[in-house]
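> Every number in the working numbering is 13 more than the matching position in the sequence shown, counting from 1.
Watch out, some of these pointers could steer you wrong.
As the list claims (entries may be wrong) - The calculated label-pair distances, taken between Cβ atoms and stated as ranges, are:
(1) R95 <-> T40: 31 to 39 Å
(2) S73 <-> I17: 44 to 52 Å
(3) E68 <-> Q37: 31 to 39 Å
(4) R62 <-> E34: 20 to 28 Å
(5) A64 <-> S24: 27 to 35 Å
To be verified - Computed cross-link-like contacts, EDC-like style, restricted to lysine to aspartate or glutamate with a CA-CA straight-line distance of at most 20 Å:
(6) K50 <-> E31
(7) K25 <-> E38
(8) K50 <-> E89
(9) K50 <-> E34
(10) K50 <-> E38
(11) K79 <-> D67
(12) K80 <-> D67
(13) K55 <-> E38
(14) K28 <-> E38
(15) K79 <-> E89
(16) K77 <-> E89
(17) K28 <-> E15
(18) K77 <-> D61
(19) K55 <-> E89
(20) K50 <-> E21
(21) K55 <-> E15
(22) K50 <-> D67
Since the hints were made in silico from the structure, they are not lab data. The beta-carbon is built from N, C-alpha and C at its ideal position, and this holds for glycine as well.
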Amino acid sequence: MESIGIYEAKSKLSKLVERAEAGQEVTITRRGRPVAKLVPAKAGVEVDRKAVMDEIRAFSKTIKLKKKLSPRELREAIEWGRR
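With the hints as constraints, model all of the structure from the sequences given.
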């Protein structure tokens, strides 16, 4: 796997993308420290969205709420969870 500085990567982005298309990985560094990795798109993690949704639905059936939440209460719970 090749390593390249961020400034040089900026000026050679087209060539780096061609290398990724060819299956190569390139680590981009800033001041010698790895900060990003350019990889072929197919090498990334592919998520089976249907399987994930099925898991969420199955999990949600195991949760027992004392009462049903109103839309307002649901929004508040979501906002609280984002903090």
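> State for each hint whether it applies.
Consistency of the hints with the structure:
Between R95 and T40 the beta carbons are some 32 Å apart, a value that agrees with the proposed interval 31 to 39 Å. A hinted range of 44 to 52 Å for the beta carbons of S73 and I17 is consistent with their spacing of about 45 Å. The hinted range of 31 to 39 Å is satisfied by E68 and Q37, whose Cβ atoms lie roughly 34 Å apart. Between R62 and E34 the C-beta distance comes to about 25 Å, which sits within the given range of 20 to 28 Å.
A beta carbon spacing of about 41 Å between A64 and S24 contradicts the range 27 to 35 Å that was offered as a hint. Between K50 and E31 the alpha-carbon distance is near 14 Å, which keeps this suggested pair within the 20 Å criterion. Of the pairs offered as hints, the one joining K25 and E38 holds, with about 14 Å between alpha carbons and a cut-off of 20 Å not exceeded. For the suggested pair K50 and E89, the alpha carbons sit about 38 Å apart, so the restraint of at most 20 Å is broken.
Between K50 and E34 the alpha-carbon distance is near 14 Å, which keeps this suggested pair within the 20 Å criterion. With a C-alpha separation of about 7 Å, the suggested pair K50 and E38 falls inside the 20 Å cut-off, and the hint holds. For the given pair, K79 sits about 24 Å from D67 by alpha-carbon distance, which is inconsistent with the 20 Å threshold. Taking the CA atoms of K80 and D67, the gap is about 23 Å. The hint is violated against a cut of 20 Å.
Pair hint K55 plus E38 holds up; C-alpha atoms about 12 Å apart against a cutoff of 20 Å. The hinted pair formed by K28 and E38 meets the criterion: a straight-line CA distance of about 12 Å does not exceed 20 Å. For the hint pairing K79 with E89, the CA-to-CA distance comes to about 17 Å; that is within 20 Å, so the pair holds. Proximity of K77 to E89 is assessed by CA-CA distance (about 19 Å); at most 20 Å being required, the pair is judged to hold.
Taken as a hint, the K28 and E15 pair is honoured in the structure, with Cα atoms around 13 Å apart against an allowance of 20 Å. A hinted pair counts as satisfied when its Cα atoms are at most 20 Å apart, and K77 with D61 does not qualify at roughly 27 Å. Under the criterion of a C-alpha separation no larger than 20 Å, the hint pairing K55 with E89 is inconsistent with the structure, at around 38 Å. Straight-line distance between C-alpha atoms of K50 and E21 comes to about 14 Å, which keeps the hinted pair within the 20 Å bound.
Under the criterion of a C-alpha separation no larger than 20 Å, the hint pairing K55 with E15 is consistent with the structure, at around 19 Å. Among the hinted pairs, K50 with D67 is inconsistent with the structure: their alpha-carbon atoms are about 31 Å apart, more than 20 Å.
Checked against the numbered hints given earlier, the structure breaks hints 5, 8, 11, 12, 18, 19, 22 and satisfies all the rest.
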